[in-house]
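Chemist: In case you want the letters, here they are:
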Amino acid sequence: MNNQPTTWFKAAPVSAFPENGGACVKYNDKQIAVFHFKQLDKWYATDNECPHKHQMALSRGMIGDQQGHPKVACPFHKKTFSLETGLNLQGEDYCINVYPVKIEDGFVFIGI
Amino acid sequence: MTQPLKVVVVGNGMVGYKFCEKLLTKVGGGLFSITVIGEEPRPAYDRVHLSAYFSGTSVEELTMAPASWYAEHGIQLLTGECVVKIDPAAHYVQTHTGLQIPYDKLVLATGSGAFVPSVPGVEKEGVFVYRTIEDLDAIIGYSKGATRAAVIGGGLLGLEAAKATLDLGLETHVVEFAPRLMPRQLDAAGAGMLKRKMEALGIQIHLNKNTSHFDGGAAVARLSFADGTSLEVDMVVISAGIRPRDELAKQAGLAVGPRGGIMVNDELQTSDTDIYAIGECALHKGMIYGLVAPGYEMAEVVAKNLTILSSNGETTIVPSLGERGLFKAFDMSTKLKLIGVDVASFGEPFCEQTPHDTIIVEDKLKGIYKRLNVTTDGKYLLGGILVGEAENYNMLLQTVKNRLVLPPNPEDLVLPARKGDGASAGAGIADLPDEASICSCENITKGAICQAIEEHNLPDVAAIKKCTKAGTGCGGCVPMLSDLLTETLKKQGKVVKKVLCEHFDYSRQEMYHLIQTSGTRTYDEVVAKFGKGCGCEVCKPAVASMLASIYNDVIAKQAVIQDTNDRFMANIQRGGTYSVVPRVPGGEITPEQLIALGTVAKKYDLYCKITGGQRVDLFGARVEQLPFIWEELLEVGFESGHAYGKSLRTVKSCVGSTWCRFGVQDAVGFAIRVENRYKGIRSPHKLKSAVSGCTRECAEAQSKDFGIIATEKGWNLYVCGNGGIKPQHALLLASDLDDETCLKYIDRFLMFYIKTAEPLQRTATWFNKLEGGMEYLRDVIINDSLGIAAELEQELQYLVDTYHDEWRVAVETPEIRARFSHFVNVEEPDPTLEFVEMRGQKRPADW
Ligand SMILES: Cc1cc2nc3c(=O)[nH]c(=O)nc-3n(C[C@H](O)[C@H](O)[C@H](O)COP(=O)(O)OP(=O)(O)OC[C@H]3O[C@@H](n4cnc5c(N)ncnc54)[C@H](O)[C@@H]3O)c2cc1C
Ligand code: SF4
Ligand code: SF4
Ligand code: FES
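Chains as they are written, first to last, in my numbering: chain F, 25 to 136; chain R, -8 to 838.
Check each hint, because a few of them may be wrong.
[What the hints assert, rightly or not] Residues from chain R that keep clear of chain F, each with C-beta distances beyond 10 Å, as calculated:
| # | residue |
| --- | --- |
| 1 | ALA43 |
| 2 | LEU198 |
| 3 | GLN344 |
| 4 | ILE779 |
[To be verified] Simulated crosslink set (SDA-like; lysine to any residue; CA at most 25 Å straight-line):
| # | chain 1 | residue 1 | chain 2 | residue 2 |
| --- | --- | --- | --- | --- |
| 5 | R | LYS523 | R | ASN296 |
| 6 | F | LYS103 | R | THR54 |
| 7 | F | LYS50 | R | PRO820 |
| 8 | F | LYS103 | R | GLU623 |
| 9 | R | LYS357 | R | GLN693 |
| 10 | R | LYS760 | R | GLU806 |
| 11 | F | LYS50 | R | PHE619 |
| 12 | F | LYS77 | R | PRO820 |
| 13 | R | LYS548 | F | GLY115 |
| 14 | R | LYS600 | R | GLU623 |
| 15 | F | LYS34 | R | GLU806 |
| 16 | R | LYS241 | R | HIS40 |
| 17 | F | LYS50 | R | ASN556 |
| 18 | R | LYS548 | F | PRO94 |
| 19 | R | LYS460 | R | LEU53 |
| 20 | R | LYS548 | F | GLN63 |
| 21 | R | LYS460 | R | LYS760 |
For the record, the hints were derived by calculation from the structure and aren't laboratory data.
By construction, the Cβ of each residue, glycine as well, lies at the ideal position given by its N, Cα and C atoms.
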């Protein structure tokens, strides 16, 4: 996890992202999944690649919470990951990178 | 504080790892400084489930604990480092790179290697052993150019290896020296039954064969046997037993057995008291234990004794820590974890020395052989053998271990449950004493598990595994964990209600009713009104399905609550592309439509396959291509086939009376009518159907959720059949129906199922849980015993009337169409997609 983002990448306008779901943005050679929890007004960003079978799929996964903790489920085999820490929530040994997100002037920025 | 005791472990296999874990839990860090040296390139992994690697389980999933675990617990882990020398006098070990590591106490956990007989030609290419991930990688690699494999050795491991080569697509032979398979676990009759079972799987068995040489050039091409016969093969896996890795111990001058193995006493000390040996390398009272559970027990004994030692200087006993552990002879019961063949032997399978009587049940037709050895007074079980059906293995093993008194008719333990008998015979899990060891790998008792369930309110088996570690070894006890959970919850007076998930305290049936009566139409409303939190991947698609079954709105309007297939209205496939299946009602298709399919497939470079449901599946479409593909398909009259949805797939049909000389009704015509009536309806799970034109049943209607078979007078309607994992024949609901009545009954049946099933429950499973069975179902559907028939028909008619082709809606609605793109900030396809060529078409590259 990167606490001190060096760059804020201007990804796309807020309206490009679904409410209570995810979408994928491209940053150089990277694919980043962005998720928006509407009721909580919270945004999260993670790698789009699922570490389980290396599928570019997390942005197409369903989001939700486990005991109040935000998560995403990979559409392939339903491995779930914390959107805050990137850890696998089934206790398995892989995780994803998470990135900070900020909203400014109607745009989504991702800290890389 | 004294210096921490320097403990060095040689070998980072299953037992070496378990030893570290146990040492840590005894006292935590501080008392010891631990170094583990392993020769394999990665940290210890689950060798017992090695074969799962073939079916896609990753190395990470097999790993016992990641390298970070060792670091976090202050253990120095050296992988890829082989210990080549012990200096017992100077108390250090030396590795192949020259590293010298001093120790106070040394633990040898070097395991064993495959025993490779010195047969001429054994060094040829294409000859493998089956022990490590590297071995498996080599086998997988070589198998691509091979067609016939022989496994040498018909024991537990050999048969597992044989199943693996069979699954790799090779013609598979097993060559066994003894006159029967698994000679150490099975008697002649049991082994005979197992042989038939293996042959039925497609594995050829050769007994009484002594391999005298491997022939061929650089690579193996043939096995020659001592009896003059031979077998052509291009690949060999040797699984002829294990050889303890005692070479290091020998070099250090420690006592080893005449046939290998490092000699240890009851405290598992070798002939040098500062050096211990545990796991498969240790020879205890003349026994090498080739199983993981005794190895774990050895790890426990040494961990305990070292803890006592280090907290206490030398030898006196610390009361709080209890007495020093001693390793006792261990139970060698085993269950083969092959898929498709149940085999187990437990306790004393042969009873060669103990006076006993045997109970034998043999059913050649079903391929079942069961043998119980009972004390001569008929009171206690001594052991036994199970082939073909081993469901009772765990209970029988516990009956032996805990010396439970047998019921008056012990044969009931192995006979199929008698009809109408009510309670199952023999001891149930409730009869086991609290001290009964449930998980023998981790040595966890029934009492400990029940206590953990109560104290920590453990909700499911996964939580029990995490909290107690039970079930994390060989996994054999998992079914018992589940029984214990139900038992314990029941005892606490907790009703085990099937709620949707943590976000909703209602069953699906209750939710259905709540949504319908409250008129809530979106997931957000439903969760706000009846649930809590933000939902999850379980309740979102479940609610989406119910909303669709009730209102039949366009599902794409709430795309983010749909499973990925429903979100993009196509089936996601390996690699992340999608497949497209247009509806072909009844399997009837015009030449124009066929041409259009070909044209589209060529234009978008899609892989084509005819499905089992009489349709064409086009694979490899990128997400942004989907609307364009559909635009072209819609033009020639295709509609969504809902292959992606939990909804009606195909109504398969035979040609029936229009072409077939046996046909008595127009099967295709009726199939088309049925398919068009129920298409697009969302249900708890997918629905399959078929119509056959006569009793010859060429459309296989009896394997469907609802199937229709023509009679001279009309149609017979069958329901709740299933193919898939657990095939089940559909049962006759009503016979000789006219078209209208047949549809009326299907209407009622489907709606009743849709309203009352659990999420993702197929009709067959739903039916199996339905109290009252077919008689009850018939009463509801035909005699309207609940007085809901009219309502069911009405609700179903609403769904028929509101049918819309969701792909047409998607293509024609710009907001929906715009969502079909991989990135939202650039218009580019996913650059990571990769395909390879196969038989003239494409397929995704391997994962
Ligand atoms: C395919 C397969 C299926 C099995 N199925 C079952 C089953 O169903 N049930 C069951 O109970 N058991 C089963 N077993 C047996 C079980 O895996 C073993 O009993 C268990 O792994 C023994 O653990 P261990 O730590 O003693 O040895 P190992 O797991 O073999 O570990 C020993 C480790 O020490 C390393 N080593 C050796 N010498 C040195 C050295 N000089 N320096 C550094 N490192 C060294 C080795 O490379 C190895 O990594 C199966 C085994 C196989 C291969
Ligand atoms: S089920 Fe009967 S009608 Fe249909 S193809 Fe078979 S034989 Fe012919
Ligand atoms: S049986 Fe079904 S799930 Fe299994 S590989 Fe075939 S299509 Fe996939
Ligand atoms: S690829 Fe993500 S769960 Fe398997």
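Chemist: Does each hint hold? Answer for all of them.
Modeler: Now the hints, each set against the structure:
{"no.": "1", "hint": "ALA43", "result": "holds (14 Å)"}
{"no.": "2", "hint": "LEU198", "result": "holds (41 Å)"}
{"no.": "3", "hint": "GLN344", "result": "holds (46 Å)"}
{"no.": "4", "hint": "ILE779", "result": "holds (33 Å)"}
{"no.": "5", "hint": "LYS523(R) <-> ASN296(R)", "result": "violated (51 Å)"}
{"no.": "6", "hint": "LYS103(F) <-> THR54(R)", "result": "holds (17 Å)"}
{"no.": "7", "hint": "LYS50(F) <-> PRO820(R)", "result": "holds (10 Å)"}
{"no.": "8", "hint": "LYS103(F) <-> GLU623(R)", "result": "violated (36 Å)"}
{"no.": "9", "hint": "LYS357(R) <-> GLN693(R)", "result": "holds (22 Å)"}
{"no.": "10", "hint": "LYS760(R) <-> GLU806(R)", "result": "violated (43 Å)"}
{"no.": "11", "hint": "LYS50(F) <-> PHE619(R)", "result": "holds (23 Å)"}
{"no.": "12", "hint": "LYS77(F) <-> PRO820(R)", "result": "holds (20 Å)"}
{"no.": "13", "hint": "LYS548(R) <-> GLY115(F)", "result": "violated (34 Å)"}
{"no.": "14", "hint": "LYS600(R) <-> GLU623(R)", "result": "holds (19 Å)"}
{"no.": "15", "hint": "LYS34(F) <-> GLU806(R)", "result": "holds (23 Å)"}
{"no.": "16", "hint": "LYS241(R) <-> HIS40(R)", "result": "violated (31 Å)"}
{"no.": "17", "hint": "LYS50(F) <-> ASN556(R)", "result": "holds (23 Å)"}
{"no.": "18", "hint": "LYS548(R) <-> PRO94(F)", "result": "holds (23 Å)"}
{"no.": "19", "hint": "LYS460(R) <-> LEU53(R)", "result": "holds (16 Å)"}
{"no.": "20", "hint": "LYS548(R) <-> GLN63(F)", "result": "holds (18 Å)"}
{"no.": "21", "hint": "LYS460(R) <-> LYS760(R)", "result": "violated (32 Å)"}
Of the numbered hints stated above, those contradicted by the structure are hints 5, 8, 10, 13, 16, 21, listed in ascending order.
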